[in-house]
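Visitor: Spelled out, the chains give:
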Amino acid sequence: MGLLTNLKDSISKVSDRLFADEEPKRIGIYGPPNAGKTTLANRIARDWTGDAVGPESHVPHETRRARRKEGVEIERNGRTVTIDIVDTPGVTTKVDYKEFLDHDMEKDDAVRRSREATEGVAEAMHWLREDVDGVIYVLDSTTDPFTQVNTMLIGIIESQDLPVLILANKTDLPESNIQRVANAFPQHETIPLSALEGDNMDEVYDKIAEYFG
Amino acid sequence: MPEATPNVDGGDGIDGSDDDNGDDDGVRIDLISGARMEGLTSMEKIRLILDGVRDGNIVILEEGLAPDEESKLIEVTMTEISPDEFTGIEIETYPKSDAGDQTLLDRLMGRESAQKLTVIGPANQLQTLHKDETLISALVSRK
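For the protein sequence lines, the chains are A and B, in the order given. The first sequence maps to residues 1 to 213 in the UniProt record's numbering. The second sequence maps to residues 1 to 143 in the UniProt record's numbering.
Extracted from the complex, chain B is given alone in its bound form (with noise of 0.2 Å):
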């Protein structure tokens, strides 16, 4: 009898190398909490997030991005795109940018105002259906 349950044994079983996606019935979601984040690097944040979407996992994370880490997310991203293999990323989050509330002195003390609740997942399996400024839509496919 397969395995029911994701595999989350040995701690945390987000980290991609203790995963299992169980059988062929689901897609896993990770839902990964702001707290989870802040103690992460810029590049330990995009691995988490790659490689939960290489794994066929769709990622949820409580409060996003800051600004240059997205930027890295794609430059990253790319480097990984391989013919037949991993086509990219779809990733959504509300359309306002949060940039242009912040003062000069929350942007000069590093305080992101990057709480922005955010869905990433493999390009080839999570399509957005609707967007706008208070609602993200989205239909997620097995692979």
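Next comes chain A alone, as it looks inside the complex (with noise of 0.2 Å):
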């Protein structure tokens, strides 16, 4: 009996190490660009860390970088879901360099953004091929979601099995519809918020927990 008892507890001890040393699952913060990616994982840093990701713009292609914040403990009811955070470049299938133009931009620094664009959404490509455990999918709810992009995007994210939580993002704007995003893609839940407000990321954290924790 006793050296069942203790085998039990051997067991035990093993499986509390494993689930211990377990690698924080890295979540990619993904979607179209402007959709507010950005906003969003600094908002988490910030909550949760003190520090931000990334600079935030109105200028699409603002991050041309895959960014990861590491460590970040997210505290729910009692339990601490550990997470690396990586903001990604927006997903798009074509970058011209002259819409910078209408955003002040010399073209030689436009055709420096749509080269630095196109090296990030191959880069976001890869991590999300490779190196993701999870997806956070942000869309701006203002906008139509019945775009090629987010069609495929999703697909693909489907298809690797990756758990996803699709954040209908920027509700502080008049024109938000999150009914809309929530109709585009009925198979999966959306939570809407204003990651620029703060508004409803008591929700977010919720389901940060329960989707990847």
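The hints are simulated quantities; they were obtained by calculation from the structure and are not laboratory data. From a predicted model like this one, the values you see are computed outputs, not experimental measurements. All C-beta atoms, glycine included, are put in the ideal place defined by N, C-alpha and C.
Calculated lysine to any residue pairs in the SDA-like style (CA-CA distance at most 25 Å, straight line):
hint : chain 1 : residue 1 : chain 2 : residue 2
1    : B       : K116      : A       : D161
2    : B       : K45       : A       : Q160
3    : A       : K98       : B       : R142
4    : B       : K45       : B       : L117
5    : A       : K94       : B       : I58
6    : B       : K131      : A       : F146
7    : A       : K107      : B       : A123
8    : A       : K98       : B       : D84
9    : B       : K131      : A       : P186
10   : A       : K94       : A       : T147
11   : B       : K116      : A       : H188
12   : A       : K98       : B       : G56
13   : A       : K98       : B       : N124
14   : A       : K94       : B       : I46
15   : A       : K98       : B       : P83
16   : A       : K94       : B       : D84
17   : A       : K98       : B       : T79
18   : B       : K116      : B       : V27
19   : A       : K94       : B       : E133
20   : A       : K94       : B       : E75
21   : B       : K131      : A       : P192
22   : A       : K94       : B       : L31
23   : B       : K131      : A       : E175
24   : A       : K94       : B       : T79
Over the 12 Å line for every Cβ pair with chain B, so calculated as not near, a few chain A residues:
hint : residue
25   : K25
26   : N34
27   : D47
28   : G54
29   : H58
30   : R68
31   : G71
32   : E75
33   : D84
34   : H103
35   : D133
36   : G134
37   : N177
38   : E197
39   : N200
40   : A209
Fit the two chains together into the complex; they arrive one by one in their own frames, and the hints show the way.
Guide: Take a look at the structure:
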């Protein structure tokens, strides 16, 4: 009897240690350009670590390199969920430097930005195929969610069996339409939020703990 | 007198190497059957698509690409974008993802239910006008 009890204790200790040493899950923040991915990444990082992840901008493709914030500990209902946040460049199938000229940029700067943007998108796709354990998919709820990039990315995420949380961002804007986002992806739960204002972040953190904990 | 029909000699005519888009009066459309794509590797499919699109053609795939191939198509497209020459692709399929309908066994066995009509063209020539679950309406223009 004592032998069995000792064996049981040993197995329990080993499994506890394995569980404790488990690497934090890498959660990629994905979505089209200008959906508010970096604003969300900064919001999460500031709330739980005090630091930001990267600069935010209204000019598309501000984030042109994937940025990882390691060891973000989110406390929910007495337990702690530790994740690495990966803020990724907005995904698109086209980049034209002329778009940036509308944002008071010189041609050389616009060309450089577009080249970096294409590299960033390729990098984001690579991360998605190889290096993330779950996805937070951020959509601008003021725009049409029925875009090809959204369709393809959600399909790619589903095909890899990655857990995905869909966030309808920018609910602080009057044109926000959360139902339209929910209708576009009925197979997934849609959580509304304003990353900029910090609205509904409690529910976002509850869901992060539920999906990725 | 200029040739009125695209050159399809030498067999396939869609590999981009022997293409003749004719004169400037039209836009060439290649409709590629599922059977033709079936024997190709992912990169061969992507090359077939991008070579056609970079020549200014509209490529229509009867059965579309698997999600992993779509991911690689985006990645390769990004590496080929260059200022004033190629700005990327416009690609359209119906919005509903089929992945959710697949069984785990289907996916384990590699049976992708990717059969979805897909239209791909140069970003500066193909513009989507409307898209919903059952209709894709697009405008094709010359260069």
